[in-house]
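**Q** Based on the sequences and whatever the hints tell you, model everything.
Keeping their order, the protein sequence lines are chains A and B. Heads up: the first sequence at position 329 corresponds to 329 in this note's numbering, and the numbers run straight through without jumps. Every number in this note's numbering is 375 more than the matching position in the second sequence, counting from 1.
Don't read these hints as lab results, they were simulated from the structure. All figures in this text were calculated on a predicted structure; none of them were measured in a lab. Heads up, the beta-carbon is just placed ideally off N, CA and C, and yes, glycines get one too. Just so you know, not all the hints are guaranteed correct.
[What the hints assert, rightly or not] As a list, the in silico DSS-like pairs of lysine-lysine whose alpha-carbon atoms are at most 27 Å apart:
| id | chain 1 | residue 1 | chain 2 | residue 2 |
| --- | --- | --- | --- | --- |
| 1 | A | Lys259 | A | Lys185 |
| 2 | A | Lys259 | A | Lys350 |
| 3 | A | Lys113 | A | Lys235 |
| 4 | B | Lys444 | A | Lys92 |
| 5 | A | Lys92 | A | Lys235 |
| 6 | B | Lys446 | A | Lys111 |
| 7 | B | Lys444 | A | Lys113 |
| 8 | B | Lys552 | A | Lys171 |
| 9 | B | Lys543 | A | Lys171 |
| 10 | B | Lys552 | A | Lys113 |
| 11 | A | Lys301 | A | Lys340 |
| 12 | B | Lys543 | A | Lys229 |
| 13 | A | Lys61 | A | Lys307 |
| 14 | A | Lys333 | A | Lys350 |
| 15 | A | Lys259 | A | Lys333 |
| 16 | B | Lys444 | A | Lys111 |
| 17 | A | Lys235 | A | Lys208 |
| 18 | A | Lys301 | A | Lys325 |
| 19 | A | Lys229 | B | Lys446 |
| 20 | A | Lys366 | A | Lys350 |
| 21 | A | Lys229 | B | Lys552 |
| 22 | A | Lys92 | A | Lys301 |
[Stated by the list, open to error] Computed Cβ-Cβ distance ranges for the label pairs, DEER-style:
| id | chain 1 | residue 1 | chain 2 | residue 2 | range |
| --- | --- | --- | --- | --- | --- |
| 23 | A | Lys301 | B | Ile424 | 47 to 55 Å |
| 24 | A | Asp188 | B | Asp535 | 16 to 24 Å |
| 25 | A | Pro175 | B | Ser539 | 44 to 52 Å |
| 26 | A | Lys301 | B | Leu550 | 48 to 56 Å |
[Unchecked claim] Stretch-level coverage of chain A by chain B, calculated; a stretch enters the list once three of its residues show a Cβ under 8 Å from a Cβ in chain B:
| id | region |
| --- | --- |
| 27 | 87–101 |
| 28 | 197–206 |
| 29 | 224–230 |
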Amino acid sequence: MNIQSRRRLASVTGAALVGTLALSGCGSDNNTSATGAATSAAAKADCATGTLNGEGSSAQKNAIEQAITDYQAACAGATINYNPTGSGAGIKQFIAGQVDFAGSDSSLSTKPKAGATSIEQADADKACGSPAWNLPMVTGPIAVAYNLAGVDKLILTPAVTAKIFNGLITKWNDPAIAAINPGVKLPDQAIKVFFRSDESGTTDNFTKYLSAAGPTDWTAAPAKKWTGKGEGKEKSAGVANAVKSTPGGITYAEWSYAKDNKLGIAQIDNGSGPVELTGAAVGKAVSAAKQTGTGNDLKLKLDYATKEAGAYPILLVTYEIVCSKGKDPAKAKLLSTFLKSFAAAGMQTKLQDIGYAPLPAEIQAKVNTAIGAMS
Amino acid sequence: MTSITGVSSVDELPGPEGHGPLQGDRASTGQLGDRLFSGTARGASLLVIAIVTLVGVFLLSQAIPALAKNKVNFLTSSQWNVDGTPLQFGIANLLWVTVISSLIAMVVAVPLGVAVALFITQYAPRWLSRPAASLVDLLAAVPSIVYGLWGLQVMGTHMDGIQSFLVKVLGWIPLFKDAGIGAASTILTVGVVLSIMVLPIVTALSREVFAQTPTTNKEAALALGATRWEMIRTAVLPFGKPGVISASMLGLGRALGETVAVTVILSALAGSAPWSWSVFNGGETFASKIANNAAEFDSPQKAGAFMAAGLVLFGLTFLVNAVARVVIERRKAFTE
Chain A
1 MNIQSRRRLA SVTGAALVGT LALSGCGSDN NTSATGAATS AAAKADCATG TLNGEGSSAQ
61 KNAIEQAITD YQAACAGATI NYNPTGSGAG IKQFIAGQVD FAGSDSSLST KPKAGATSIE
121 QADADKACGS PAWNLPMVTG PIAVAYNLAG VDKLILTPAV TAKIFNGLIT KWNDPAIAAI
181 NPGVKLPDQA IKVFFRSDES GTTDNFTKYL SAAGPTDWTA APAKKWTGKG EGKEKSAGVA
241 NAVKSTPGGI TYAEWSYAKD NKLGIAQIDN GSGPVELTGA AVGKAVSAAK QTGTGNDLKL
301 KLDYATKEAG AYPILLVTYE IVCSKGKDPA KAKLLSTFLK SFAAAGMQTK LQDIGYAPLP
361 AEIQAKVNTA IGAMS
Chain B
376 MTSITGVSSV DELPGPEGHG PLQGDRASTG QLGDRLFSGT ARGASLLVIA IVTLVGVFLL
436 SQAIPALAKN KVNFLTSSQW NVDGTPLQFG IANLLWVTVI SSLIAMVVAV PLGVAVALFI
496 TQYAPRWLSR PAASLVDLLA AVPSIVYGLW GLQVMGTHMD GIQSFLVKVL GWIPLFKDAG
556 IGAASTILTV GVVLSIMVLP IVTALSREVF AQTPTTNKEA ALALGATRWE MIRTAVLPFG
616 KPGVISASML GLGRALGETV AVTVILSALA GSAPWSWSVF NGGETFASKI ANNAAEFDSP
676 QKAGAFMAAG LVLFGLTFLV NAVARVVIER RKAFTE
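**A** Right, dumping it as structure tokens:
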């Protein structure tokens, strides 16, 4: 009892610490990196002035904030605002003409949504007066994060992951887990699954992975709303905190949250050996994605079931949705220069420190071509 | 004239001509100031009524198309599939969690609030009553996100013992069955945090009413040989009852609609979770369900389903207030 309560206290102070660290990280870290980028970005990036408003996905919030800070430091007179209200809200505002670009975890849909008569892509094209493009900008790996004392290395296959998250495997020492983790001492402890109670692109992509890679064990259709078992917590911070304070807990969360909370991150074995979550491993999986958009519309279809060696398959790609021809030339110039600096190799590498993976070189080249074609 | 703070008995004495002296006899001097004032007062009250009506109309207009396509019973189902077809949504679970968490809050907060108010007005020395009253009022100024985080990370960690005790002793009652949810995130924890949040409302209003007890009544009770507690029972409490009831209803309104704290504390359940009556279960209230999903209202059908849930909460709050009004009116007639 005493130990338990002390551990709780530790977790609470730990959470508070992470909070302060994150806060101070926002303050000081950005400044130093901003000056670093200012010199490098100012050299090559051309600047534009004005104000740009964006809204949408919260999954890319930290990445785009970093990009904005750096761009604004390099280009005096430019103001870019990003409001992380969620992908759906971002697209809605983009179509309504309220924002200059939208961030979204999924590309504009080409089929009418339930109960709606219009199609997102068509609406966006109409709002732009030109085709709206989906530009992949940030890849966010999703970590399967767990809290299990004494277990530093855990390997999971899609089938076992699916069974854990739909409640078929309820103990950590289940033979199915033990079989793929030889030599690991698994405790006789209940598995506590945590999921996102809000609708999120993270849940959507995680369930897409489960149903693509483990179709026999995960039969529910992928959705933004969780369909498995467990306890729901609000947002990434909520699930990460819950796992941190619950021994035996497991969840799926963006990489940065798993890292910040010092949670164990499972290695994923899609059939060609366990893969640790690293920027390079994620890049391999993105390279394996197929482009489904035409021309400069770079809509990607991820191959979640990829058996490519060394590819980490659970990830989400977030897009910037933009007009190919902006209505206001000054804003279009600002938008294209900003996106160019966002997609630049230096910026993408820097994103790895805050929990994202860089775009692989060939996708990066395509994004640059598309940005160059914007007017 | 009857306000939330109760009614002083002087108001109720009939005037010399047989009508209440405080009921205006529509006399007006016809001066500009008078007319301006009555105009603005009327305008303000009409505006409030118009706003409430428009909120209702908005909710209805958004909800009706979704309700028309709903394939399950809206009131008795606890399914929530609003993304595709068939459209299935029901509020049974939301209604239960909302009502039970608010009831827990009331069970804790009302007796406690009344006791605090009695202490401040009847027992505490003057030097203590003022600061104590301000401190309780200060509770109302704490933002609900703070209550939420505190409830989850501080108070929640102490709920383990209470939960395991209740499960062991009363576990045979469905209300106290173990549901396998972490003790920091159950309906009971939410109820207790909500009770702290409504405490200042209940206390402040009860305090005002108790303080207005006519001194004559109190002195009469004491003169007849009543102890202090008997005086409170026979003079203060009956006088303050309508005020306490209305304070409770206001508090209940707050508890029913509380969003952020509930969202932070309560564990949501997956759609496939079985129905449970237990207060140790998780779940979502109307407000927390809407808050959790508001960012992704990407189709009119989905938004409509949530609006329909919001409409029920709107109706529920309305009902609670109406009942409070009726109770107060009846009590008043009785005490006359």
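**Q** Any of the earlier hints contradicted here, and which numbers?
**A** Of the numbered hints, 10, 13, 15 and 25 do not hold.
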